Amino acid sequence: MALDEGKDVKGGHDAREYDHEGEFRHVGTRPDRPDGVDKVTGRARFGADAYAPGMLHAAILRSPHAHARILKIDTSRAEALEGVKAVVTRADFASGLEGEDWNILENIMAGEKALYDGHAIAAVAATSKFIARDALELIEVEYEILPHVTDVDEAMQPGAPVIREGAAEPGVPEGMHPNVVRYHESGHGDVEAGFAEADLVIERHFTTEATHQGYIEPHACLAQMGPDGRGELWCTTQGHWNVQKLCAKLLGVEASAIRVTASEIGGGFGGKTTVFIEPVAMALARKTGRPVKLVMSREEVFRASGPTSSASMDVRIGMKKDGTMTAAEGTFRLQGGAFPYAPMEFTAMCAFACYDLKHVRQRGFDVMTNRPKQAAYRAPGSPMAAFAVESVVDELCQKLGLDPIEVRLKNAAREGTRASYGPTYPRIGLVETLEAARAHPHYCAPLGPNQGRGVSCGFWFNFGGETSVTLALSMDGTAQIAVGTPDIGGSRASMALMAAEELGIPYEDVRVTIADTASLGYNEISHGSRVTYASGLAVIKAARDAKRKLIARAADKWGIDPEAVEWRDGAAHPAGENAGDFEPLSIKEICAEMGATGGPIAGHYEATPEGAGVSFATHIVDAELDPETGKTTILRYTVVQDAGKAVHPSYVEGQFQGGAAQGIGWALNEEYIYGEDGRLQNPGFLDYRIPVASDLPMIDTVIVEVPNPGHPYGVRGVGETSICPPLAAVANAVSNAAGLRLRQLPMRPARILEALEAKADGEG
Amino acid sequence: MSMVHVSARVNGDAVEFLCDSRETLLDVLRDRLALTGAKEGCGTGDCGACSVIFNGRLVASCLVLGAEAEGAEIETVEGMADGEKLHPLQQKIIEHAALQCGICTPGILIAARALLAKNPDPNEKEIRYWLAGNLCRCTGYDKIIRAIQDAAAEMREEA
Amino acid sequence: MAKVKVHLWSALRAHAGGAEAVEVEARNIGQMLDALRARYPGLAPALDAGVSVSIDGRIIAASLTEPVAPGQEIYLMQRLKGG
Ligand code: FES
Ligand code: FES
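Protein chains in written order, with the working numbering: chain G, 94 to 857; chain U, 1430 to 1588; chain X, 970 to 1052.
These are calculated hints, taken from the structure and not from any lab test. Since we're looking at a predicted model, the values are computed, not measured. All residues carry an ideal CB built from backbone N, CA and C; glycine is no exception. Incorrect hints may have been included.
Claimed, not checked - Pulled a few chain X residues facing chain G out of the computed Cβ check, cut under 7 Å:
(1) Pro1010
(2) Ala1013
(3) Pro1014
(4) Gln1047
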């Protein structure tokens, strides 16, 4: 394998990072994950598994109102309760914050107004959980109840209650309601001219409800802060450097004053990319001088962490009789709670990203409502777009009598296609996923009565982001890697595989640790499917850095130039006959004497890799509809996705399956239900029903590997794209099973029955 | 606030603790006995992350009061391995990559062991219905089902 | 210094005299954004809120030092974030 010649990674990133030649030895195998034993024996420590001597327990008082002015908070009775050590309110946090920092503070502790049901008003630390909860009932809050709005379309109507005056950013079209805070428009060509070329133009309206990431582990943390202003925080998070940065800002201290350690994380899916309770626990710890543990209940997770946006969308697509798409246009309205930054621009940009379109235009509106601040959820913004667009594509195929995969292949984006969001695609793998789906036995398997098959494609961007990795070699030649990206789904195994590959040592000789914020440079959050891509790239580069040093030691020992030494099978070898005749020096031999040959050996990587590469998927699903009950059963499911290169295929399959399962839940059952009073009606797993084992079939997977030019091994992020196609795939299957098309999610049984009845009436 | 004195057996060891009458068995295991293998995913009996065996029955420990444990025999995930040797279910869960984040794993292991004790050769459907009270948000259950079937086969051979 | 052509997303165009693309002198993304701010002050809030840049189809999420050159296809995009 070619060595990376110490290229300065800070200046220009080489778009062509891909440099792997020959066979992989470790990458692509399926060893046991390094933390497997900890996870199956109960030894792994998650957010709520930390305890400290003298620890207090905290609880948060939350608004029962969707929208209310806070006139007065009286905490005196709570403070007087035996065992209560402190109460904090907004006054205990930094003032003078701006922009998103202010938004985040406002979300974790209300200021002048309660903006949604569940909004934090005050918090208590006490000597037991029960005392803390009892104390909440003693806090007296006087509210002036204000009119509220929770629906995205209603929030845009004239006369809708204004969530926050003056929040709109420049660029929002004139005359919009003040709740519309941001606007996006992009595209190219002349869509009207394109529609004129079509034989059939279909325009439809769609809605999707807010769903929750539904990680099984609630938010939890343990905070300490001494009178010297220095603190420690243990928490479950996708990005502890971000937690450090935000806690410091919200508490008004320097970032380095707080050392954050990431616990094992019990799921995140984007929902743990920000802070909710951590700054509150820190503020209580500061006020009491004692460790404070704060754990959300499941109800709090639903009411006050970040679900995804709900959406209202209009999509119009034109097609010729032969299946050629001539133009596409979409309008996407997303509400992101009582704060700006619903991911509507991603909805817009992802909407038509699968297709090669001469004429395309998309618009997005970011709308505020009285709901919790949305947080990222796996490919934020993209699944709803795919639902709308892929449903219309399917309907066009039905009406024109065309095969849905053939039509998608005919219009598929490929290398050189101008993306709907502007730029030209480099090497991408959509066509390969479609071809693999067409060739899969699932696609031509027979169907029974009341059964239908649906197909859909999906697209997501991937990200690099700030990444720091250290790879230290031990005296015995084993490697210890410190990464800064929490391991949500087995990434330690992937990191160890890549290091083993580079160094030519056994997988078991690599130990991967998630370092705390004091031990490495900044690391961007584990989001945007970036872990295997960016931390993986960083591990490879750090290993190459260490390898250069190992080579230098061998060269010194042999008295030859480092250029005359090559690294192979975990040892330094003279490169060719001219280099001299030396016995190879193994990593163990070099490391054993490293103290005497120049000191410890470690490799580093600190940079922002920028070659993440977009990814595409095609899903096939068979569904059966029970005409009596309206219940949809998923009979068979196949995920085909481009992974670039699957480092540990089992965990890649796991990401495909997990995304599909979440998408099925979104399509069929999951939704935030708000009552007339603006309160969340279903803040628990009983009424917010995520798929259980008996709801799902086996989920077949096909890993397509079209190498990403931006990664040394060709890796692409795989974590997110898998949630994009299922919403539409399931809707298309239902449509093909029962001849009715649902354009509102979720497709719960009552809705399907209603549609069946309406259809029967129409036919009768 | 009155504390209740309780003696019980956890994973074969005699334990004694004082607990608040409102404390759940899950709270007691985690906060008083330092057995944090059982997890609280919901506290309302809906997720199964807190599953333990209580006098031979599979229960959600968040729905049992600590005070009810007087004289009880309790088994948790911490007691599944035999010293250094993992239980076949533990081994197969790792081998099949049947966990991503792993927060549901202790509950799934306990529930699966209870199933195999009743039915050493469950088919896919039986496993799916038995596990319907154990939520996993990461895996889509596919690999969990395979791991359990594989472990069951191995246990049948050993038996 | 060489001129590069930068495509703007449409909400930005109003601040750049309605143009779909503008030319500025720059050798890297940081210089390019500074030049845009200097020439079209109305763009500053949107640029400060965070942008990603697509260069010949490769999306640069954050780096300001990434070189840009004449003839490249350069698009500004709203800052990307994942889940
Ligand atoms: S915590 Fe007991 S069932 Fe969820
Ligand atoms: S592995 Fe994460 S919930 Fe099951």
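Now for the hints, and whether the structure bears them out:
Interface restraint check: proline 1010 of chain X against chain G, minimum CB-CB distance 11 Å, threshold 7 Å, status violated. Of the supplied interface hints, the one on alanine 1013 of chain X is violated, with its beta-carbon coming no nearer than about 10 Å to a beta-carbon of chain G, more than 7 Å. With a least beta-carbon distance of about 6 Å to chain G, the hint placing proline 1014 of chain X at the interface is held under the 7 Å criterion. The beta carbon of glutamine 1047 of chain X comes within 5 Å of a beta carbon in chain G, closer than 7 Å, and the hint placing it at the interface holds.
When held up to the earlier numbered hints, the structure conflicts with 1, 2 and fits the remainder.
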